[in-house]
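*Asks:* Protein sequences appear in the order of chains A and B.
Position one of the first sequence corresponds to residue 0 (numbering that gives the first Met the number 0), numbered consecutively onward.
Position one of the second sequence corresponds to residue 0 (numbering that gives the first Met the number 0), numbered consecutively onward.
Don't read these hints as lab results, they were simulated from the structure.
Values in this document were obtained by computation on a predicted structure and should not be read as measured data.
Every residue gets a Cβ at the ideal spot worked out from N, C-alpha and C, and that includes glycine.
Hints may be right or wrong, so weigh each one.
Here are the computed distance ranges between Cβ atoms for each label pair [stated by the list, open to error]:
id, chain 1, residue 1, chain 2, residue 2, range
1, B, F587, A, G74, 49 to 55 Å
2, A, E94, B, N290, 24 to 30 Å
3, B, A182, A, V14, 57 to 63 Å
4, B, K102, A, E94, 35 to 41 Å
5, A, E94, B, A285, 19 to 25 Å
Which chain A residues stay away from chain B? Per the calculated CB distances, all over 12 Å, these [what the hints assert, rightly or not]:
id, residue
6, D44
7, H59
8, A73
9, G81
10, M84
11, W85
12, R87
13, R88
14, Y90
15, N91
16, K92
17, E94
18, F95
19, R96
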Amino acid sequence: MAILVPGICGPRASVCCLVTSVWGIVMLLIMGICLRFDAVAFIEDLPIPEPKDYTPDTLHETYVQASNNCFIAAGIYVAFLGFSMWQRREYNKAEFRMN
Amino acid sequence: MGSLFRSEEMTLAQLFLQSEAAYACVSELGELGMVQFRDLNPDVNAFQRKFVNEVRRCDEMERKLRFLEKEIKKAEIPIPDTEDNPPAPPPREMIDLEATFEKLETEMKQVIINQETLKKNYLELTELKHVLVQTRQFFEEVQFQSYPLQLASEIAAEEGHHIQADSIGLSLTAGVVLKQRFAAFERMLWRACHGKVFLRHSEIDSPLEDPVTGYEVQKCVFVVFYQGEQLKSRVKRICEGFHANIYPCPENQAESQEMILGVMTRLEDLQNVLGQTQEHRYRALALAAKNIKVWFIKVCKIKAIYHTLNLFDLDVTRNCLIAECWCPVGDLNRIQQALTIGTERSESTVPSILHVVESNLEHPTYNRTNKFTTAFQSIVNAYGVSDYREVNPAPYTIITFPFLFSVMFGDGGDGIIMALFAIWMCVFEKKLASSAKNNEMWGTVYAGRYMILLMGLFSVYSGFIYNDFYSKSINIFGSSFSTNGTTNETIRKNLFVTLDPNTTQYLGSPYPLGIDPIWRQSTNELTYTNSFKMKLSVIFGVIHMLFGVSLSLLNHTYFKKRLNILCDFVPQVLFLVGMFGYLVFMIFYKWLAFGPHNSDVAPSLLITLINMFLLKPPPQLLYDAQRAVQYVLVIIVVLCVPWMLAVKPIVLYIQNMKKQVRKPKYANLVNETEQESEPVEPEPDQKEKFDFSDVFIRQAIHTIEFCLGCISNTASYLRLWALSLAHAELSLVLWEMVLRIGLSMEGYVGAIVLWGVFAFWVVLTIAILLIMEGLSAFLHGLRLHWVEFNNKFYVGDGHIFAPFSFEVILDDKED
Numbered sequence: 000m001a002i003l004v005p006g007i008c009g010p011r012a013s014v015c016c017l018v019t020s021v022w023g024i025v026m027l028l029i030m031g032i033c034l035r036f037d038a039v040a041f042i043e044d045l046p047i048p049e050p051k052d053y054t055p056d057t058l059h060e061t062y063v064q065a066s067n068n069c070f071i072a073a074g075i076y077v078a079f080l081g082f083s084m085w086q087r088r089e090y091n092k093a094e095f096r097m098n
Numbered sequence: 000m001g002s003l004f005r006s007e008e009m010t011l012a013q014l015f016l017q018s019e020a021a022y023a024c025v026s027e028l029g030e031l032g033m034v035q036f037r038d039l040n041p042d043v044n045a046f047q048r049k050f051v052n053e054v055r056r057c058d059e060m061e062r063k064l065r066f067l068e069k070e071i072k073k074a075e076i077p078i079p080d081t082e083d084n085p086p087a088p089p090p091r092e093m094i095d096l097e098a099t100f101e102k103l104e105t106e107m108k109q110v111i112i113n114q115e116t117l118k119k120n121y122l123e124l125t126e127l128k129h130v131l132v133q134t135r136q137f138f139e140e141v142q143f144q145s146y147p148l149q150l151a152s153e154i155a156a157e158e159g160h161h162i163q164a165d166s167i168g169l170s171l172t173a174g175v176v177l178k179q180r181f182a183a184f185e186r187m188l189w190r191a192c193h194g195k196v197f198l199r200h201s202e203i204d205s206p207l208e209d210p211v212t213g214y215e216v217q218k219c220v221f222v223v224f225y226q227g228e229q230l231k232s233r234v235k236r237i238c239e240g241f242h243a244n245i246y247p248c249p250e251n252q253a254e255s256q257e258m259i260l261g262v263m264t265r266l267e268d269l270q271n272v273l274g275q276t277q278e279h280r281y282r283a284l285a286l287a288a289k290n291i292k293v294w295f296i297k298v299c300k301i302k303a304i305y306h307t308l309n310l311f312d313l314d315v316t317r318n319c320l321i322a323e324c325w326c327p328v329g330d331l332n333r334i335q336q337a338l339t340i341g342t343e344r345s346e347s348t349v350p351s352i353l354h355v356v357e358s359n360l361e362h363p364t365y366n367r368t369n370k371f372t373t374a375f376q377s378i379v380n381a382y383g384v385s386d387y388r389e390v391n392p393a394p395y396t397i398i399t400f401p402f403l404f405s406v407m408f409g410d411g412g413d414g415i416i417m418a419l420f421a422i423w424m425c426v427f428e429k430k431l432a433s434s435a436k437n438n439e440m441w442g443t444v445y446a447g448r449y450m451i452l453l454m455g456l457f458s459v460y461s462g463f464i465y466n467d468f469y470s471k472s473i474n475i476f477g478s479s480f481s482t483n484g485t486t487n488e489t490i491r492k493n494l495f496v497t498l499d500p501n502t503t504q505y506l507g508s509p510y511p512l513g514i515d516p517i518w519r520q521s522t523n524e525l526t527y528t529n530s531f532k533m534k535l536s537v538i539f540g541v542i543h544m545l546f547g548v549s550l551s552l553l554n555h556t557y558f559k560k561r562l563n564i565l566c567d568f569v570p571q572v573l574f575l576v577g578m579f580g581y582l583v584f585m586i587f588y589k590w591l592a593f594g595p596h597n598s599d600v601a602p603s604l605l606i607t608l609i610n611m612f613l614l615k616p617p618p619q620l621l622y623d624a625q626r627a628v629q630y631v632l633v634i635i636v637v638l639c640v641p642w643m644l645a646v647k648p649i650v651l652y653i654q655n656m657k658k659q660v661r662k663p664k665y666a667n668l669v670n671e672t673e674q675e676s677e678p679v680e681p682e683p684d685q686k687e688k689f690d691f692s693d694v695f696i697r698q699a700i701h702t703i704e705f706c707l708g709c710i711s712n713t714a715s716y717l718r719l720w721a722l723s724l725a726h727a728e729l730s731l732v733l734w735e736m737v738l739r740i741g742l743s744m745e746g747y748v749g750a751i752v753l754w755g756v757f758a759f760w761v762v763l764t765i766a767i768l769l770i771m772e773g774l775s776a777f778l779h780g781l782r783l784h785w786v787e788f789n790n791k792f793y794v795g796d797g798h799i800f801a802p803f804s805f806e807v808i809l810d811d812k813e814d
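Just chain A, with the same shape it has in the complex (with noise of 0.2 Å):
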């Protein structure tokens, strides 16, 4: 197994990240399931096209697209997450080694 590449990760940054990582895939999962219910709070928040054009239909979509973008990006914390903690073995096994 490649032992971890010097530069990228050390053990601070590595906690750092496991951290965020973990924050973020609770945070965006549940802003997910929000958006999916068509929460009222992130109305400023969406792409939101003029009072005219649309229909109540666009607004679903759109809030259906940003809470499929929320999930998509806590699924790429998922990845972050599970790149942290091979960072942290692969840290631990060489400090193991080196000692």
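Place chain B on chain A using the hints.
*Replies:* Frame of chain A; chain B shown alone:
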């Protein structure tokens, strides 16, 4: 068992210890850590104390240990941390320890000297080797046996003289000099010997190690040829001046070869010996390294015991040491037990005696805390240690401080993160304890982990009340506003719509917990929340201050100062309640009595309050009897001021007058001889003469401080509103500027942008919202406690109980 309500009852105790038992008893008391010794020899110089020799020996031992530690660190041997806590060794073991340290120190010093000598020899041999090698190179091309002769004829040939080979008395000197000095050396030789010497040189390629400094230097080999004794001495002197090392040069090639071989073997031997010395040193240091921490602890304890013994009073006639110490009344049994154990350990027949003494000295303040309450007690003590047996504000701080923090922090999402961080610290507290000792900032955060946990949990609660989670509101129960009555046409034509609570757009009952989530989407959100948070701040402030004033009642009752209750407490409460208690009442009344249907006739509370004190009639009535009630309140409040100001000094003055009047009566009854002795009834203010002006001025300052302070402190509590507003706005800006970039992208590229932007948002949230705003709210909450709350009742002039405890001393040593 003590409680946090007041500081513990302390008492002065006298210990009578037999001289043999004293050491062991003090050792036991140090392990227990429950007594604070008083210095019974304050006038005695440090050098005249009884145990000064022992302290000096301990210092010597510490010096040796430090030297050993330095050597161990130089050899890069790891020193293992020891978990066990060795007890202080008895005095006879001290001699053993001293002998061990002495032996180790001399051994180490010997090893170091040997190493230096060996290195010097090594250097000389290396230089000699280089000299031999280089000179051999000089004469490589020559076939003749005799080198000096060959060169002499060369010189002669150059100069044009013809010299007989055997009549030449040419000698040479070979040596090694620093490369940087060589040019000057050459010039010096040329000048001093008037050019009558011949110099050849070549550099040594590899740098050599200087034994003294350990640095590596470049050197070069030189050979000087000259004739005659005078030149020889001159050359020698110049060589000495330039710190050049001179080596004997061989006569011919065979000798040179022999010498080279000899030198090589000697070099090899020396290297072996050097290696073995190094190993021996390493082994000795490794052995010492295993025990060095334990030795440090033992020596530290011995020194502490002797320092303490120096504080005792020696009674030579009865061969015992007398000590005076402060100790908590609840722990007298444990102290007695410790003394018994100490006496048994020293195999002394005479038991040690603990004798409780009454004293008028200022008792130290001792609050028994556990790992949870320590943080709160320490922030109270940072302001001022409470007087002996004064009411302790710490137990209330456990709840009020995180609560006021949460009112200022007010974000549920940040509160969850803070609480999770604190839970991690609390669950892994044993593992993190050692790393917390090394780093000061991390140690401070770790010490406050329970406080941070409470702060986080309370912030989650206030996040629900303010309905603010990373600037988004959560709709749990369904908003109480709806869009009944607006058609799709209205929505399509207008960007903004007004929801009027007077119509069916208000569903009849308010949102059950906290602020309605729809407010976050409205344009007049700040107008509404500002009014709400300001009123909330005033309410909390008045309640907090009223609580502080009522704590002063507990103090007055305990210290039996009934005059203070009548002249300080009652007018203070009336003043506070009359002015700001009424304001709080008006706030609640206005909230309850006025609704959306009559909000246009609701009077402004601030104007009402101001008009009340200007005795102007209120423009709009809150309730029917308002004018009469306000007149009465104003009269009461105004009367309170002279009550606080003048009553107490006048009463004290009258009391003093009565005592003065009584005194001559007693003097007549007592006969003359007794008049010179102390009076029968010692008067309480005999120590300080009753000075009316002093008392009056102090009371006036107190009154002004309280009255003006009431107004300014209530306004000061508005920071609860200001900071929560700041936090909400920062959080909103962070979301809009950062996370919105990710959410507002169309298409699936938005997911990747969201991923990147989210990490950035996390970093900014932690840095700005959690750390910066958290520290800010912490500081302001602390200020509210220290100034606005404490100056209603707290004196805080005591001194803290600092027991003689090995644990404390060793912890300090580690820093």
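*Asks:* Evaluate each hint against the coordinates.
*Replies:* Structure-based check of each hint:
1. Taking 49 to 55 Å as the suggested C-beta distance range, the pair F587(B) and G74(A) conforms, at roughly 51 Å.
2. In this structure, E94(A) and N290(B) meet the distance hint of 24 to 30 Å, their C-beta atoms being roughly 28 Å apart.
3. Restraint check, A182(B) to V14(A): a C-beta distance of roughly 58 Å satisfies the suggested window 57 to 63 Å.
4. In this structure the supplied range 35 to 41 Å holds for K102(B) paired with E94(A), their Cβ-Cβ distance being about 38 Å.
5. At about 23 Å, the beta-carbon gap between E94(A) and A285(B) stays in the expected band of 19 to 25 Å.
6. The beta carbon of D44(A) sits about 4 Å from the closest Cβ of chain B, which is not more than 12 Å, so the claim that it is off the interface is violated.
7. Taking the minimum C-beta to C-beta distance to chain B, about 15 Å, the non-interface status of H59(A) holds against the 12 Å cut.
8. Residue-level check failed: A73(A) sits 9 Å from the nearest beta carbon of chain B, not beyond 12 Å.
9. For G81(A), the condition that its CB be more than 12 Å from all CB atoms of chain B holds, with the nearest at approximately 14 Å.
10. Separation of M84(A) from chain B is adequate, the least Cβ-Cβ distance of about 17 Å exceeding the 12 Å criterion.
11. Non-interface status of W85(A) relative to chain B is upheld: no Cβ of that chain comes within 12 Å, the nearest being about 18 Å off.
12. Non-interface status of R87(A) relative to chain B is upheld: no Cβ of that chain comes within 12 Å, the nearest being about 16 Å off.
13. No Cβ of chain B comes within 12 Å of the Cβ of R88(A); the nearest lies about 19 Å off, and the non-interface call holds.
14. Taking the minimum C-beta to C-beta distance to chain B, about 17 Å, the non-interface status of Y90(A) holds against the 12 Å cut.
15. At roughly 16 Å from the closest C-beta of chain B, the C-beta of N91(A) stays outside 12 Å, upholding its exclusion from the interface.
16. Listed as outside the interface, K92(A) is consistent with that label: its C-beta sits roughly 21 Å from the nearest C-beta of chain B, beyond the 12 Å cut-off.
17. For E94(A), the condition that its CB be more than 12 Å from all CB atoms of chain B holds, with the nearest at approximately 15 Å.
18. At the 12 Å boundary, the C-beta of F95(A) stays outside the reach of chain B, the nearest C-beta of that chain being 16 Å off.
19. Every beta carbon of chain B lies more than 12 Å from that of R96(A), the smallest distance being close to 18 Å; the non-interface claim holds.
Hints 6 and 8, counting from the list given before, are not met by this structure.
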